[in-house]
Amino acid sequence: MKGFKYILALLALLALLVGAFAGYAQDEKVLVIGHAESTDSLDPANGFTGTGHMINHVVYDQLVTFPDEDASQILPRLADSWEISEDGLTYTFSLNPDAVFANGDDVTADDVVFSFNRLKYRDGNPSFLADPIDSLEAIDDDTVAITVVEPRPSFLSEITSAVFSVSNADVVRENGGTDAMDAAETDEAGAYLDSQSAGSGPYMLALWEPQARTELVRNENYWGEQPYFDRVIIINMPEAATQKAALEAGEIDIALDLSSDNVASLVGNESIEIYRGLSNWTHFIIMNTDEEKSGPFADPKVQLAVRYALDYEGYKTLWGGVTPGSNMWVGLFTAFGEDRAFSRDLDKARELLAEAGYPDGLDMNLEYPDWALGGVSFNTNAQKIQADLAEAGINVTLSPGEMQVELAKYRSGEHSVGYWLWGPDILDPIDFTSFLPGGKVATERNNWQLEDVPEDIQALIARARTASDPDERMEVYTALQEFNQQQGPFAPFVVPEQPSAYLANLQGFIFHPHWTLDVTLLSRADM
Amino acid sequence: MNFFQYFIRRALLVTPLLLGITVMAFLIANLIPADPTIANLPPNALNDEDTIAAFRKKWGLDKPLHEQYLTYLGNLLQGDLGTSIKTRKPVGEDISRRLPATIELATLGIIFGIALGVGLGLVSAIWKDSLADYAARIIAFIGISFPVFLLALIFLTVFYAQMRIAAGPGRLDIIMRPPPTVTGMFTIDALLAGDLKTFKNAFDHLVLPASTLALYISAIISRITRSSLLEVLNQDYMRTARAKGLRERYVIGFHGLRNSLIPVVTVIGLSYGNLLVGSILIESIFAYPGIGFYMFRASTSQDFPAIMGVSLLFAFIYVGVNFVVDIIYFFLDPRIRVA
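These protein sequences, in sequence, are chains A and B.
822 is the number of the first residue of the first sequence in the numbering used here; add one for each residue after it.
384 is the number of the first residue of the second sequence in the numbering used here; add one for each residue after it.
Since the hints were made in silico from the structure, they are not lab data.
The structure presented is a predicted model; accordingly, all values stated were derived computationally and were not measured.
Even for Gly, the Cβ is constructed at its ideal location relative to N, Cα and C.
Any given hint could turn out to be false.
To be verified - Over 10 angstroms on every C-beta distance to chain A, these chain B residues come out as not near it, computed from the model:
| hint | residue |
| --- | --- |
| 1 | Gly403 |
| 2 | Tyr455 |
| 3 | Leu456 |
| 4 | Ile558 |
| 5 | Thr566 |
| 6 | Met621 |
| 7 | Leu629 |
| 8 | Asn642 |
| 9 | Ile651 |
| 10 | Ser667 |
| 11 | Ile668 |
| 12 | Ala698 |
| 13 | Asn705 |
| 14 | Val707 |
To be verified - Example chain B residues on the side facing chain A (calculated, C-beta under 10 angstroms, incomplete):
| hint | residue |
| --- | --- |
| 15 | Thr470 |
| 16 | Leu539 |
| 17 | Ala544 |
| 18 | Gly551 |
| 19 | Pro672 |
Could you build the full structure based on these sequences and the hints that come with them?
Shown next, in the form of structure tokens:
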């Protein structure tokens, strides 16, 4: 009998242990996201990846932010108001006096100065984004002035990025951080910030096990509205098929990175919702303006013919998404969307080719990388371009190459006709100036010089770089997009979709072009 | 030649072999026409030349190749495998965290594989040319010719997502906490902590990936078992054993299987090395954070230090296994002692 009691006690102890190790508190509200993690670092001044943006967007606060679904305007966040000096060089921000860090410290102007300088001097992957900043000054505890090198209408859009997160200067300093000019060599806070956060956002970093999982817990000291979920777990599942299986099994709430073919088999599953977000990639054909490189394709008439010859609906059938009306990403303020996009008109294309002196057609050599991004294959699209243009009388030879080789050719403007994609560096219409004479893509990569275009267009381009008034920007960017549609050497043809799926009881899922997903918007319905 | 001489001779051969492997791994990783900047920086950053230059400088990619190699070798001799570009952690630390997971998976895989492979081989040999033989050979044929990642996906979809009878990706259910780390192998650590629930969960999560691996290696094991046993079954001593009236069970078990197992054991040893390599695809599909998963990410992002580290580890395991096999031959095969 004594032995029996002993065994009983042992079993009880074992049961206790099992309970103790079994996992999270029962009443905790946990959100689980299956995601192909790309994180390189969670130190805001060092990391520069999609996953890092998604996490630091809610772990840290930025001075200003975008609306939940797009980049159409600038909203307050840490700064509750701001002023721009007459010369457009100095931005003065008033910080919200209620804002506190997760450890209870006040968020002050000094923290902003420290964080931005640290970004600038850290020499990390995102440090170039701080290049436009000339100097920073803490005027008082709640006021900070930032001076930029030259007028920069996109500056507010740029500092919405999680790279410009404000971190607790004291905490980062205590753990080896510095904002000194030699921060590239002397800053040692990276390891600390990869394991815990020093921010004022609604969540705190609880764990980052690279390539396995990231956990966020709710910041009980958060100075704004508390989010619904107590804990957010991001599980690294690099394969879309794995994410899909785990979602079907109900083990994850969100499968963040699916592709069009994965989504197809989920249609009709009542416990799963499919979300067809828009990727921020514009796929386009680029025709070299230098006649020595591209021959007939330097002729604006031939370029326009190519735009009329493409079967835009066909690309949407392949990848979902929308047809862009210009090389400005469709989600941006002033951008042309489908309502202003081209429709296929083969007669017009043939007519234009005849006018240009090619009634019997002509040959094109299409150069592009043998690559795929987000499941969208360059090879597939190139084959479709070949078939589309053949119907207008353009005989396309496909010349795929290794990414590095093709990129080098493209960067130095050596290609004849190329196929590439573009994602905005900055979520602001000014990004479009890359595709105008004098801009990076147009001139450096495609030899389209400022003197090639009429003087009134040159003046518009100059205004586009400095205009900050919304009405003026609308006018200027509309005219410039129209000009590019008629005279430009580009043929943008699709902005593919970026599908995700989630359990049907989840509410508030919104895909954002910048931070992908804001987990604070999510909640679970009782079912 | 005595054992000591033989041992030294084999051991000396291992050193230049490993050195050669570092050269090969380094060259292959560097000569393939892919650029780590493209693989590691976000596409947007590729528009910025300063960022690219800073990245190349930071990771030493701006130096000539031979200089990069000599620096690597110098650090290696001091036991420093370098820092991973992707995880920004020392490669040695990354490997030591992930290797136990893979050992756990590969060990269960080999146990399942031996059971299945030897079992199928026995059936095939004993009932040669029967229906059972054909069935066993078809299973082996599928295992050897079916892409392992496809098998993994089918298992995952059917047994986990659809039928819900198997545990899914990862090492534990997502909401479970890992047991306190002792060996890094969750099943063993859970047992050490007396945590049966976690043990069962960790074991359940091993079943699907281990079965996939098992099917993959059982094909080879069953074929070797079959042919080796068939050869033995035709030997004179088998006829003698039967002639002296032994029951068939003993004839096969003691005289047949035992003698035919020698080549099988060799294949099993080598398969273990194969399993570690085969785990690259399996771990990636099962989101199982082991060394294969690590290698997969390292290769797709041109993470040179990590690629080199894991290549060396794999080479070391192969060389180690071969070394042990060589030593075993010394005892098994008297002819080596004479040579």
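| Distance rule for Met621 (chain B), whose beta carbon must clear each one in chain A by more than 10 angstroms | Consistent with the label, Met621 (chain B) stays out of reach of chain A, its closest Cβ about 49 angstroms off (over 10 angstroms).
Minimum Cβ distance from Asn642 (chain B) to chain A greater than 10 angstroms, as the annotation requires
Given a closest Cβ separation of 45 angstroms, the condition holds.
Non-interface claim for Ile651 (chain B) versus chain A (Cβ beyond 10 angstroms): holds (30 angstroms)
- Claimed clearance of chain A by Thr566 (chain B), with the beta carbon kept past 10 angstroms: holds (16 angstroms)
message = Using Cβ atoms and 10 angstroms as the threshold, tell me whether Leu456 (chain B) really stays out of contact range of chain A.
response = holds (25 angstroms)
**Request:** Could you check that no beta carbon of chain A comes within 10 angstroms of the beta carbon of Ser667 (chain B)?
**Result:** violated (6 angstroms)
TODO: Test the statement that Ala698 (chain B) is away from the interface with chain A: the closest C-beta pair must be farther apart than 10 angstroms.
DONE: Answer for Ala698 (chain B): holds, closest chain A Cβ roughly 23 angstroms.
*asked:* For the restraint on Leu539 (chain B), tell me whether the closest CB of chain A is nearer than 10 angstroms.
replied: Holds - the Cβ of Leu539 (chain B) comes within 10 angstroms of chain A, reaching about 5 angstroms at its closest.
- Task: Grab the minimum beta-carbon distance between Tyr455 (chain B) and chain A and tell me whether it stays above 10 angstroms.
- Result: holds (21 angstroms)
If you take the shortest Cβ to Cβ gap from Gly551 (chain B) to chain A, is it below 10 angstroms? holds (6 angstroms)
**Message:** Verify this label for me: Asn705 (chain B) is non-interface relative to chain A, using a Cβ-Cβ cutoff of 10 angstroms.
**Reply:** holds (30 angstroms)
Is the Cβ of Leu629 (chain B) farther than 10 angstroms from every Cβ of chain A? At roughly 46 angstroms from the nearest Cβ of chain A, Leu629 (chain B) sits farther out than 10 angstroms, so the non-interface label holds.
Hints 4, 10, 11 from the earlier list are contradicted by this structure; the remaining hints agree with it.
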